[in-house]
Amino acid sequence: MARFLASRALFASFVLLAVVTIVFVLMYGVGDPCAAKLGPNASPDRVQECRATYGFDRPLLVQYASYVGVGACVRRSSDAYHEAIDRRGRCGLLQGDLGESVLHGDEVMGVILTRLPRTLLLGAMAIFFEILIGLTVGLVAAVRRNTWIDTGIMGVAFLGISAPTFLTGLVFLYFFAFRLGIFPVGGYGDDALDHVWHATLPAFTLAIIGAATYARIMRGEMIETLRSDFLRTARAKGLSPARVVLAHGARNALLPIVTLMGLHLPIVVSGAIITESIYAWPGIGRLALESIVNQDAFVVMGVVLMVSLAVQVGSFLADVAVATLDPRVRLSEG
Amino acid sequence: MRWTPRTESTVGAVALALFALAALAAVVFAPPPPAAPLYEGSGAGRPQRGGTFVFHHETNVRSLDPHTAFDELSSMAIRLLFDGLLDYDEHTRLVPSLAAQMPEQSSDGLRFTFRLREGVRFHNGRELEAEDVRFSLEHMLHPDVPSQGSTYYQGIAGLEDFRERRTEHISGIRVVDRHTVEITLSAPDQTFLAAMAMPFAYPVAREAYEGEGADPAFRPIGTGPYTLDEWERGVRLTFERFDGYWQPGKPYVDRMVYLENLTRDVAVMRFRNGDLDAAHRFSPADYLFFSGSAAWRPQVIRDAKVNLWGFAMNTELPPFDDVHVRRAVASAMDRAGWSRARSGRLRETGQPIPPGLLGYDADTTDQHRYDLARAREEMQLAGLPDGWPEEVVLWNTSSDTSRFYAELAQADLARIGIRLRINALSFATWLEETGKPRTAQCMLAGWNMDFPDPSNFLDSLFHSRSAREANSTNRAFYRNPALDALLDRARVEPDLGRREQMYRDASRLLVQDAPWAFMWNDEWLEVTQPYVRGYRMNKVFSQDYRFVWLDLPRRRIARRYGAHLPRGLAGIVPLPLARGQER
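Here the protein sequences line up with chains A and B, keeping their order. Position one of the first sequence corresponds to residue 1 (the working numbering), numbered consecutively onward. Position one of the second sequence corresponds to residue 1001 (the working numbering), numbered consecutively onward.
Check before you lean on any hint, since a few could be wrong.
The following residues of chain B were derived to be distant from chain A, with all beta-carbon distances above 10 Å [said to hold, decoys possible]: (1) R1117; (2) H1139; (3) R1166; (4) R1281; (5) L1346; (6) D1361; (7) D1363; (8) E1377; (9) F1404; (10) P1481; (11) D1513.
Partial list, computed: chain B residues near chain A (C-beta under 8 Å) [unchecked claim]: (12) P1033; (13) N1060; (14) D1215; (15) L1262; (16) T1263; (17) N1273.
Just so you know, these hints were derived from the structure itself, not from any lab. Yeah, the Cβ is synthetic: ideal placement off N, Cα and C, and Gly gets one too.
The following block holds chain A by itself, in its conformation from the complex:
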């Protein structure tokens, strides 16, 4: 298990490094955040001063090294760039420093940490809806396979997978919030209960594709499991149908679903970019969009890093969960 964990961690850090590098190069090519911030009438001296403060005037490789936090953080002179680092007290990714937002005039980490809990709330609620709806419906379809219930459910699930989030989001907003007035029309709310209330409709929107996917997979797995010999034995022993399906069948059918859940986490986070924009939900998805529009490079990089971290953590958790649920995986890992 330890070897497995170590190899996963090593792989994850390589992936993160690759992501950082690609995003860094892309953002570097997009434009000058200082020019965007100061506007067309800024004197060249002032733009230069800003570029010096954020280190944009240094060669690409030096900027990259200091962003990652290798070597270049060492103070060589007392310039604006190093003064900014002194203020933050940290330097580079390796020290947990994501740089400073040009637009917000604040540490990127702080900006992201303000927004992250909201996206997590939205994501958690979306995952809850996905699992609740997807697994229940999938189970029912499998048990009632080849009946009109099954075909109907799978037809609706197919619609769910096909409908793009930007469309369902707008339709739900218009219908459930505006026409029926059941939910608030976007926004974040004032207190904890209010936040959950405001998150319900966006979370449901975000959950549709996932729920439909889970329903289809759950159905397939469940049908396979229900045909297997050990369930026939369980039935022959006289166990109740509910116990056979839920305690024996569902547990086995869940294995691929758990793997899928881990991989689904990043889809939830990236789906949040669209959902948050539609519902004016101030999470990191909307932050990413605002920062791209305003060329706030460090924030964009920070958000991308967070998302890829979520992917890594998600798939890692899925591996651990599968190992826990399935003794064969545990044994083969030794």
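We have chain A already, so just place chain B on it with the hints.
Relative to the frame of chain A, chain B by itself:
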């Protein structure tokens, strides 16, 4: 009945169809969206104090520093936090604000003496003094400060030396005593007082710029009716009433909430649900809804915006270096068609000065109107009866509306043999590239008023001084010494009648030479809730909500903000969850 795979799929299809029908029925039979305002006012005759006013914009505020922020949505917030020495009344006339009276002007028109109101306090409690006025102007005009304002104050004596760092202070700004400041110009300038009413000249407290933690863009200190309580960047700004405000009894509202980055659709739905107190900038469907709804009509404010839109042609580049081609374009544009395509929100014009400003002349429009025969005649005169052989590049911004306009232009100019290719760019790149000489052939260009004077349009758009190596606002790169001389004389002319005539002459000259095809002035539409009172559209400052008041029953005022669970659940969810339900 025996189940077979065939019957299964048929039944499944029927189930799906039923599901779709049920969804359709739900849409058809669900209660319609609110067609009329949900909340009425209580009918109070006098301004009431209290409540929270919630408004929005579709993008984010960049800065609250009046010296550097130069965009509409920042100034919506800045107007809550700051006051100017001068301001505008509802007829767009200059009136004193922080100045106790209109400034005294010396007989040669060069020296202005501003006497400040006594007892005006900044948000930090310190009294406003003449020294603050000098500090503010010098700070804004300092070479290190990237203010776009510097162009408006070029006439102040000694400015050049100051900007070249030869002097520590601007010699033309003199503090006479604690409450008097004197500003001397190097040449008479009839636009100077208008410039003093621009946010660039708003007095700011020195403390906002100096010392530990000072950050004027995010932590401003002004003398305005509200103080900044909280700003979560990109999400919302919250303002609290400033109790030490110099106008007795004002402002009326306790709290102002400015929501950023709210898309148009969401904003309108929220507004119609009663969660927003004012709305502006509409999609075509919402524009038609509000302009046609009888229930909303009393709440709709509809007026011509003082701005100008046109098709700018680079006079340095072919084919637009030929005046006949430019005139042909001016006659080929089907302005009425454009307006129809935009739900009637464009008011056709044929001249550079918008209605309502000095020099607007209802008689000069005939040359810049749709007349295809005349357009073809002009192409003949240019020696191009079959059109221009090459593609012409239209430099455009990438927004949906711009693209729409560009396609209309493509269709109109194709009729006279000019084939346009659209080059779509981000707004920032568009500004930069079209501001360089000999770069962009043609573009759709607009200008919003900074201050209500024709010079703001004609000097900025057509004076040769505004055609520069970079950041030109004269994007047609039109250079005409006769026009320059006329504009320079008009700028300093003290006699109103003569000044008006000069701008009329300038306008005719521009119509003749057609560096732009003058096209339209925008029609502006905004809506407020029935209980929002005391709001008047300000032609200079958009969405100027500083002195609105809320005519709501007391109980609802207290619970105004955070009105959620609006209608559907009101009967299901027990109060106190269903806040904001009382009328």
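Status of the hints after comparison with the structure:
1. R1117: Per Cβ check, R1117/B is outside 10 Å of chain A; nearest 31 Å; holds.
2. H1139: holds (14 Å)
3. R1166: The assertion about R1166/B holds, with a minimum of 16 Å to chain A.
4. R1281: holds (15 Å)
5. L1346: Check passes; 27 Å lies beyond 10 Å.
6. D1361: holds (33 Å)
7. D1363: holds (37 Å)
8. E1377: holds (40 Å)
9. F1404: About 21 Å separates F1404/B from the closest Cβ of chain A, which puts it past 10 Å; holds.
10. P1481: The claim stands: P1481/B keeps its Cβ more than 10 Å from every Cβ of chain A (closest is about 27 Å).
11. D1513: holds (27 Å)
12. P1033: Since the shortest Cβ distance to chain A is 5 Å, the answer is holds.
13. N1060: At about 6 Å, which falls below the 8 Å cut-off, the nearest Cβ of chain A leaves the hint on N1060/B intact, so it holds.
14. D1215: At about 7 Å, which falls below the 8 Å cut-off, the nearest Cβ of chain A leaves the hint on D1215/B intact, so it holds.
15. L1262: holds (5 Å)
16. T1263: holds (7 Å)
17. N1273: holds (5 Å)
When the structure is compared with the earlier hints, no violation turns up for any of them.
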